[in-house]
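Q: The residues making up each chain are set out below.
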Amino acid sequence: EDKVVQSPLSLVVHEGDTVTLNCSYEVTNFRSLLWYKQEKKAPTFLFMLTSSGIEKKSGRLSSILDKKELFSILNITATQTGDSAIYLCAVGGANSKLTFGKGITLSVRP
Amino acid sequence: NAGVTQTPKFQVLKTGQSMTLQCAQDMNHNSMYWYRQDPGMGLRLIYYSASEGTTDKGEVPNGYNVSRLNKREFSLRLESAAPSQTSVYFCASSPTDRGYGYTFGSGTRLTVV
Chain H
1 EDKVVQSPLS
11 LVVHEGDTVT
21 LNCSYEVTNF
31 RSLLWYKQEK
41 KAPTFLFMLT
51 SSGIEKKSGR
61 LSSILDKKEL
71 FSILNITATQ
81 TGDSAIYLCA
91 VGGANSKLTF
101 GKGITLSVRP
Chain R
1 NAGVTQTPKF
11 QVLKTGQSMT
21 LQCAQDMNHN
31 SMYWYRQDPG
41 MGLRLIYYSA
51 SEGTTDKGEV
61 PNGYNVSRLN
71 KREFSLRLES
81 AAPSQTSVYF
91 CASSPTDRGY
101 GYTFGSGTRL
111 TVV
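So the protein lines, in turn, are chains H and R. Note that our numbering has the first sequence beginning at 1, numbered continuously upward. Note that our numbering has the second sequence beginning at 1, numbered continuously upward.
Any given hint could be a false lead.
Stated by the list, open to error - Below, a sample of chain R positions facing chain H; criterion: calculated Cβ distance under 8 Å:
#	residue
1	G42
2	G58
3	Y64
4	L69
5	P83
6	F104
7	S106
8	G107
Unchecked claim - Computed list of lysine to aspartate or glutamate pairs in EDC-like fashion (alpha-carbon distance at most 16 Å, straight line):
#	chain 1	residue 1	chain 2	residue 2
9	H	K40	R	E59
10	H	K3	R	D26
11	H	K67	H	E26
12	R	K71	R	D38
13	R	K57	H	E26
14	R	K57	H	D2
15	H	K41	R	D38
16	H	K102	R	E59
17	H	K102	R	D26
It is worth saying that the hints were derived from the structure and are not from the lab. The structure presented is a predicted model; accordingly, all values stated were derived computationally and were not measured. For every residue, glycine included, the Cβ atom is placed at its ideal position computed from N, Cα and C.
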């Protein structure tokens, strides 16, 4: 059975801090790893990673995948209160479904 | 606007009542999914439909049934609601079975009393 483990489950930082969110996985026939941000409503897409070692970057957010060690990290630099959210990691495997981790609750204090 | 539409947005049921959650997408996606989200549990897959005419169980299918009515619509039915089914339900769709390109609906908050 596919498995995704995220850590830490929650953290509190101050504005301007840099945070690293972790995601490890076990999946049959890995196809992709995705990061989502969830605020009040539905998850919104951040990144999709399919190849090891290639960093994806969007503003202050970046992510990288290590397919040998089976993990990914999501970095957020110069955090802002608007970054407060649940960050979800999901992996796509042999069939059509995504398996999600439990999510990381990030709180950014002013 | 193109996307995934879920109805209703909120619902309160009494234990034992039945209801159907509706989901429709207008992006011509092949695959559709139903997830539930509980605090601290992430998103857990209930059922999915890789393509029109097929449905499969996910991680937590007990107490639910689904119907892929056509390519656009995928409904989730609770035959006899239980308090343990109190949750937020998300429908999603994706263009292929490749595990990416998900678009989520805005969710249905269901409370069973």
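Q: Hint by hint, say whether it matches the structure.
A: Hints, verified against the model:
no., hint, verdict
1, G42, "4 Å, holds"
2, G58, "6 Å, holds"
3, Y64, "15 Å, violated"
4, L69, "18 Å, violated"
5, P83, "22 Å, violated"
6, F104, "4 Å, holds"
7, S106, "5 Å, holds"
8, G107, "6 Å, holds"
9, H:K40 with R:E59, "24 Å, violated"
10, H:K3 with R:D26, "31 Å, violated"
11, H:K67 with H:E26, "10 Å, holds"
12, R:K71 with R:D38, "28 Å, violated"
13, R:K57 with H:E26, "20 Å, violated"
14, R:K57 with H:D2, "14 Å, holds"
15, H:K41 with R:D38, "13 Å, holds"
16, H:K102 with R:E59, "14 Å, holds"
17, H:K102 with R:D26, "29 Å, violated"
Going through the hint list in order, the structure does not satisfy hints 3, 4, 5, 9, 10, 12, 13 and 17.
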